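A.B. asks: Residue strings, one per chain:
Number of protein chains: 2
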Amino acid sequence: MIDDRQAHAFVPYPDAPVPHAATGTLAGLSFAAKDLFDVAGYPTGGGNPIVLALSGIKARTAPTVQRLLDAGARFVGKTVTDELAFSMNGQNAHFGAPVNGAAPDRISGGSSSGSASAVSNGLCDVALGTDTGGSVRAPASHCGLYGLRPTHGRVSLQGALDLSPSLDTCGWFTRDAATFARVADVLLGADALPAPTRLLWPTDLWSQLAPSAEASTHAAAERVQAVLGRATPVNVVLDSFDAMYWHFRYIQGREAWETDGPLIERYAPPLGPGVAERFAFSRGVTNAQVAEATAFRERFTAHLDALLGRDGVLLLPTMPDIAPLRAEPESGLEDYRNRAIRLLCAAGLARTPQISLPLAGRDGAPMGLSLLGPRGSDRALVAMAERLAAAGVGR
Amino acid sequence: MIDDRQAHAFVPYPDAPVPHAATGTLAGLSFAAKDLFDVAGYPTGGGNPIVLALSGIKARTAPTVQRLLDAGARFVGKTVTDELAFSMNGQNAHFGAPVNGAAPDRISGGSSSGSASAVSNGLCDVALGTDTGGSVRAPASHCGLYGLRPTHGRVSLQGALDLSPSLDTCGWFTRDAATFARVADVLLGADALPAPTRLLWPTDLWSQLAPSAEASTHAAAERVQAVLGRATPVNVVLDSFDAMYWHFRYIQGREAWETDGPLIERYAPPLGPGVAERFAFSRGVTNAQVAEATAFRERFTAHLDALLGRDGVLLLPTMPDIAPLRAEPESGLEDYRNRAIRLLCAAGLARTPQISLPLAGRDGAPMGLSLLGPRGSDRALVAMAERLAAAGVGR
Chain A
1 MIDDRQAHAF VPYPDAPVPH AATGTLAGLS FAAKDLFDVA GYPTGGGNPI
51 VLALSGIKAR TAPTVQRLLD AGARFVGKTV TDELAFSMNG QNAHFGAPVN
101 GAAPDRISGG SSSGSASAVS NGLCDVALGT DTGGSVRAPA SHCGLYGLRP
151 THGRVSLQGA LDLSPSLDTC GWFTRDAATF ARVADVLLGA DALPAPTRLL
201 WPTDLWSQLA PSAEASTHAA AERVQAVLGR ATPVNVVLDS FDAMYWHFRY
251 IQGREAWETD GPLIERYAPP LGPGVAERFA FSRGVTNAQV AEATAFRERF
301 TAHLDALLGR DGVLLLPTMP DIAPLRAEPE SGLEDYRNRA IRLLCAAGLA
351 RTPQISLPLA GRDGAPMGLS LLGPRGSDRA LVAMAERLAA AGVGR
Chain B
1 MIDDRQAHAF VPYPDAPVPH AATGTLAGLS FAAKDLFDVA GYPTGGGNPI
51 VLALSGIKAR TAPTVQRLLD AGARFVGKTV TDELAFSMNG QNAHFGAPVN
101 GAAPDRISGG SSSGSASAVS NGLCDVALGT DTGGSVRAPA SHCGLYGLRP
151 THGRVSLQGA LDLSPSLDTC GWFTRDAATF ARVADVLLGA DALPAPTRLL
201 WPTDLWSQLA PSAEASTHAA AERVQAVLGR ATPVNVVLDS FDAMYWHFRY
251 IQGREAWETD GPLIERYAPP LGPGVAERFA FSRGVTNAQV AEATAFRERF
301 TAHLDALLGR DGVLLLPTMP DIAPLRAEPE SGLEDYRNRA IRLLCAAGLA
351 RTPQISLPLA GRDGAPMGLS LLGPRGSDRA LVAMAERLAA AGVGR
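Going down the list, the sequences are from chains A and B. 1 is the number of the first residue of the first sequence in my numbering; add one for each residue after it. 1 is the number of the first residue of the second sequence in my numbering; add one for each residue after it.
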């Protein structure tokens, strides 16, 4: 375990030997994995003490972790996750609040909080996270990192704790586009489709930006368009933001309760603020709400598919604003989270990839700009990040 | 692990083989150990997720646990402890609130909450706990159990997490006096001194009883005196209750900070309500306060030694009242705890043994009466419990 005295990014498990290949695409890189992924010799705690107690020491390493090891990356530890991955705050009531390396007075975002903290504090080069409703994209935006939510199912989540399986994806963080691309070569390989080229401007999603963040985020988007091409205005929202938000939450909630309800009913584990309320909501989701949400998801997917075609890429702000201050009360964070979901849920509903790039910000704190492409365009989105970096936009 | 679906007494670690002797004094008895004691094949969590993460799987079993195994008792699991053993509430913010088997709507008391819960719910026959400021006596009183705080140092705490070493002791719980005595034969052996015979009535300690508990507790004391002899009035308190209370807390706090301060400063673990405040208090204890408290402790010990002589035993209420309701807010529990310390701290300061017997109660909830004897009189106190039970007083 490396020293993270200041960052509180890692769960302080005793070191176990985790062998990696001596050579390979990722030789020389260090990486960490969110404490949802099994790593042989370690428990898997999932950000909850009862889950940690039940875990025991795992005998097998999750395949995605193993792929990084086989490519030569060196494992340095397991990172703190928001409790049961069901939060976007980066504050775990049991394991602490990993520090945002780009803005230490602000939350790191979550639920892949420790992973974003570890990378943003320079404690490792790469960290695996998961993204169900924004858990890679939000902390990437808040911590000034590159972070991808892949096409649903493209990067294996075998050997990792579920939250909401039809929404869960495995992503990762780096500080720079070049390192990001090296990991992409290992975890994504090549796309089956030709790279999209047509930039789209989701006018309605841009309206969700906090007024104070508008000027700097638009300026960053201008720099992107100078390299990638002028974006055509489109509207993403079907029905209304509320419909999108609630249908997303019904699907996420029902699946989260299917995943964690038995644990919660069996062990009555004390859950942190916000997390307890979200599971209480999840428990109450009705079959009628799920049926309606599932139908909405199909309509929304068809709509977004039509907008994107095979060659379209949305350019959008990842989050409504920079990260809230660490001192923000839970009620304020809940409000921020609910606004953020309105921006984040499109990719989740439609199972499309979305990469957040650390190109914007205000008042010294970073913010992400996102590229969202058709399912299967993940590697092309990473290539766009590389092009932008090569052109001097971003790191 | 046995099923404790209703009791929440056990930390749900995966079962590991813990061999015990086929025959012996304790053959046929099942026991549990508070999650401060190392048991080979298990982690030691100490009621805190970071301690649990740091623990890894222990290779050695604590000697006191091993003595029970060697005497034929069967290990059934590790029990929930209040966080870092620094609480008397029986409510752990990370692992939950073990249920009081004698009064399920009331707290179990702590910090040996899971041990008292397991025994009072009939999930095992014996459970090890620790008592620094009342952590065996309080839950014994609240859960209607026999529970001993031994003479300081008489039962080994090797291989167990410390709280305040000059106050920490290793005790245990049972539902009946006969089983209690069987364990005493193993963990205490014989006393080196003749058994005390002279019963003393600490008038000032009795004044701490809640008015609503007076009638039933005095009636129970009458029954004890009918068997053990009439008690002579004495006063235990030196200076004042406040002096006793604060000097106890300075010693406990300083030692607790020496034990856990490095962990708290290194990992900044989120601590549950009350626990965080007590460590903050502990951190602030000054050298002058410790010096004054140490001098007080010597004077108090000399005073109590003089009162007890070699043959005196105090008869006193273990706690000021029955257990508070589970719904009691933290502030109310803190107030109750502070009143309880006034009754509990005499044995801690003077390192004397004290056994709590489930002989009193009101409104359907149990309360303990205590016998407190000279250092080294532990087995004689257990023998008194046996005599009372043989005479039909208690179980």
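Keep in mind that the hints were calculated from the coordinates and are not lab data. Since we're looking at a predicted model, the values are computed, not measured. One thing to keep in mind: the hints can contain errors.
Unchecked claim - Looking from chain A toward chain B, a few residues come up when the C-beta cut is under 10 angstroms (computed):
id, residue
1, H8
2, P12
3, P49
4, I50
5, L54
6, T259
7, G272
Claimed, not checked - So these bits of chain B aren't anywhere near chain A, every CB distance computed over 12 angstroms:
id, residue
8, D15
9, L54
10, K78
11, Q91
12, N92
13, G122
14, R154
15, D239
16, R266
17, R283
18, A306
19, G376
Cβ coordinates follow ideal geometry from the N, Cα and C atoms, glycine included.
A.B. asks: Each of the hints needs a verdict: does it hold here or not?
C.D. replies: Checked hints:
The interface hint given for H8 (chain A) is met, as the beta carbon of that residue sits about 6 angstroms from the closest beta carbon of chain B, less than 10 angstroms. This hint holds: P12 (chain A) has a C-beta 5 angstroms from the nearest C-beta of chain B, less than the 10 angstroms allowed. Here the hint on P49 (chain A) is kept, as its CB sits about 4 angstroms from the closest CB of chain B, short of 10 angstroms. For I50 (chain A), the shortest C-beta to C-beta distance to chain B is roughly 6 angstroms, which falls under 10 angstroms, so the interface hint holds.
A cut of 10 angstroms between beta carbons decides the hint on L54 (chain A): the least distance to chain B is about 5 angstroms, and the hint holds. Because the beta carbon of T259 (chain A) sits about 17 angstroms from the nearest beta carbon in chain B, more than 10 angstroms, this interface hint is broken. The beta carbon of G272 (chain A) comes within 8 angstroms of a beta carbon in chain B, closer than 10 angstroms, and the hint placing it at the interface holds. At the 12 angstroms boundary, the C-beta of D15 (chain B) falls inside the reach of chain A, the nearest C-beta of that chain being 9 angstroms off.
A cut-off of 12 angstroms between C-beta atoms contradicts the statement that L54 (chain B) is not in contact with chain A; the least separation is 5 angstroms. At the 12 angstroms boundary, the C-beta of K78 (chain B) falls inside the reach of chain A, the nearest C-beta of that chain being 9 angstroms off. The beta carbon of Q91 (chain B) is not kept farther than 12 angstroms from every beta carbon of chain A, the shortest such distance being approximately 9 angstroms. Not every C-beta of chain A lies more than 12 angstroms from that of N92 (chain B), the closest at about 7 angstroms, which undercuts listing it as non-interface.
Every CB of chain A lies more than 12 angstroms from the CB of G122 (chain B), the least distance being 20 angstroms, so the non-interface label holds. No Cβ of chain A approaches the Cβ of R154 (chain B) within 12 angstroms, the least distance being about 31 angstroms, so the stated non-interface status holds. A cut-off of 12 angstroms between C-beta atoms confirms that D239 (chain B) is not in contact with chain A; the least separation is 40 angstroms. The beta carbon of R266 (chain B) is not kept farther than 12 angstroms from every beta carbon of chain A, the shortest such distance being approximately 7 angstroms.
Listed as outside the interface, R283 (chain B) is consistent with that label: its C-beta sits roughly 18 angstroms from the nearest C-beta of chain A, beyond the 12 angstroms cut-off. The claim that A306 (chain B) lies off the interface holds: its Cβ sits roughly 47 angstroms from the closest Cβ of chain A, which is beyond the 12 angstroms cut-off. Taking the minimum C-beta to C-beta distance to chain A, about 38 angstroms, the non-interface status of G376 (chain B) holds against the 12 angstroms cut.
Of the numbered hints given earlier, the model fails hints 6, 8, 9, 10, 11, 12 and 16; all others are met.
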